[in-house]
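Q: Make the full structure from the sequences, and use the hints.
From first to last, the protein sequence lines stand for chains R and V. For the record, in the first sequence the residue sitting at position 180 is 180 according to our numbering, with numbers rising by one throughout. The number in our numbering is simply the position in the second sequence, starting from 1, with 220 added.
Careful, some of the hints might be misleading.
What the hints assert, rightly or not - Now the stretches of chain V that chain R is said to cover, found in silico as 3 or more residues with beta-carbon under 8 Å: (1) 494-500; (2) 550-556; (3) 579-585.
Keep in mind the hints are simulated off the structure, nothing from the lab. We put the beta carbon where it would ideally sit given N, CA and C, even for glycine.
Spelled out from the first residue to the last, the chains are:
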Amino acid sequence: MRILVVEDEPTLAGQLADALTDAGYAVDRADNGLDAHFLGDTEPFDAVVLDLGLPQMDGLTVLGKWRSAGRTMPVLILTARDDWHQKVAGIDAGADDYLTKPFHMAELLARLRALIRRAGGHASALLACGPLSLDTRSGQLTDDGRPVSLTSHEYRLLAYFMHHPGKVISRTELTEHLYAQDFDRDSNTIEVFVGRLRKKLPEGMIETVRGLGYRLVAPA
Amino acid sequence: MTATPPVPARPAMHRSLRLRLLAGSLVWILAAVAITGVLLADLFGQHVRERVDAELHGHLDQLTALFEIAPDGTATLRMPLSDPRLSRPYAGLYWQVDGGPAGTIGLLRSRSLWDTALSVPPDTLADGEVHVHDVDGPDASRVRLMERLIRPAEQPDTAYRLIVALDTRQIHEPVEEFATLLAIALGVLALGLGAAAVLQVGIGLAPLGRMRQALGAVRDGHTRRLEGDYPREVQPLVDELNTLLAHDEAMVERARTQAGNLAHAVKTPLTILANAARNDPSELARLVDEQVGDARRQVDYHLARARAAVAVQQPGLRTPLRPVLDGLIRVMRRLHAERDLHIAMADVADTLACRGDAQDLQEILGNLLDNACKWAARQVSITAATADGQLVVHIDDDGPGLDEAQRSAVLARGVRADEHTPGSGLGLAIAHELARVYGGDLRLDISPLGGLRATLTMPSA
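A: Here it is as structure tokens:
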């Protein structure tokens, strides 16, 4: 899952990026409205954490531009102002959630998780596919009730599959959603991780669709 | 709203410009008409008296011309005087000749004197001189008489007083008649002028009336500025008022921007501090975390208070309730999307509006709704109505509610009903304070849904 963090205060942006990376997300950063707009408009993010007070172009304008251009990724607004009229303006501009500074990082993570999950059409924090069950809150995978331990890279990969079960996912899409922009996209890492993940899952759950990519399917 | 201080009792004249203008014009109209009336009546009286004197003089001249001494030495008239009144008893016009060798009173008399004679006051007249007297006449009347002393050539030693007299009623009657007509005419004129004055004052003051209505519309929040064109004399005042209104708005906006900037300036470092501390197990980190939480509540509370302070500086605004609730419900559905909440708004009429700023109403209702959504198990319900010029909004939830002690404590400053949900309790206290600033109120009760019922009253508009 790839997240765009838009925050002009470098220390806070760093903390956010660290916390999100620790939680298994790929993180891109922007520290002004113009860069933020460009990134969000051209890269496929699974969610955006958007500060409102930004240099060059304010957060609400950036959000409005994304939405009118048809970008539907969930956006969590982060702001120091907790006036309700600001929240109404934010939500009406197309925000999906709203968090006021100072906030607890745990709450931010929980809300982001929920946003991504709802964006994929999942009502519960527990994602299931066949015998597999992934708890997005704890990051715990179980296979038929037995816990399976995953590395953070494997977790990211599996989480993306679990959010889109049955859908054919290209290697490019996986790269775009699992790694930040500065990642070297020509490498074979995706194939390596898919291979490792396959060994931990029941036989045949990750299918290779020749020429198109991969698909997570529940065993018949 | 703040109560209007009692206006000290002053005379009605000082309070009403209309009354002052009217009283001024009416006094002048009455004075001018009265003086004109007196002068005209006097002038006419003088004219009538002059006419009468001329007439008497004519009769006296005729009498003098007809008077002769007969060959036997008695005084007589060559022929009767021409005026027919002289031969009708008490007809008002008389003549008489006094004197002669024996100094007889009423030696010769007109028939109109009948059996009386005019008693002429003693007088010394030079020959040919004419004197005028007002004396008692016949038939209980007053007469104006004119006399002349002559000594006929036949009897150079004998003096004769030739007298003609006219009843003064003949002078007074036309004067009185004229005075009556004059009074009626002048009365009509005064009424006309008075009506014109009333009309003029009405038309002249109409722009002020319009201005008052425009101000009323501003106060009730229907418009933000005094609208329309006013006469040159009033327009500067209207412009000044509009400038003042714009200045007020700009000041409130500036204050809010400042508050926002302050929030941003303080809260971002607080967030960084808190996040840095949370990853550190030391005692210092625990202290920082705790103090950051405290600082956040303080900043929130005092920013809300700053908002309340500027709220009263603005002249009344009108905010429709429905759009505010719609916007807030959209926000609540997002913010509490994880919980399967049913937020129901019973038919809130589009006409419901409160007197106050939209942002402040959003702040109050936002805090109340957020609190209800935070604690509700499944249901939040919103109803609104007007009663006695007040807008009454009920916000109910089916959560755990608060007991009586908690309900009163939660509205008091800075006290938190539950420290575990960030900022809880503070929202209700802020809503309470803002509502009070507007002359409204916030009451907490037990909801029919089982949880808390927040009842907000605000002045209706």
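Q: List, from low to high, the hint numbers that the structure doesn't satisfy.
A: none
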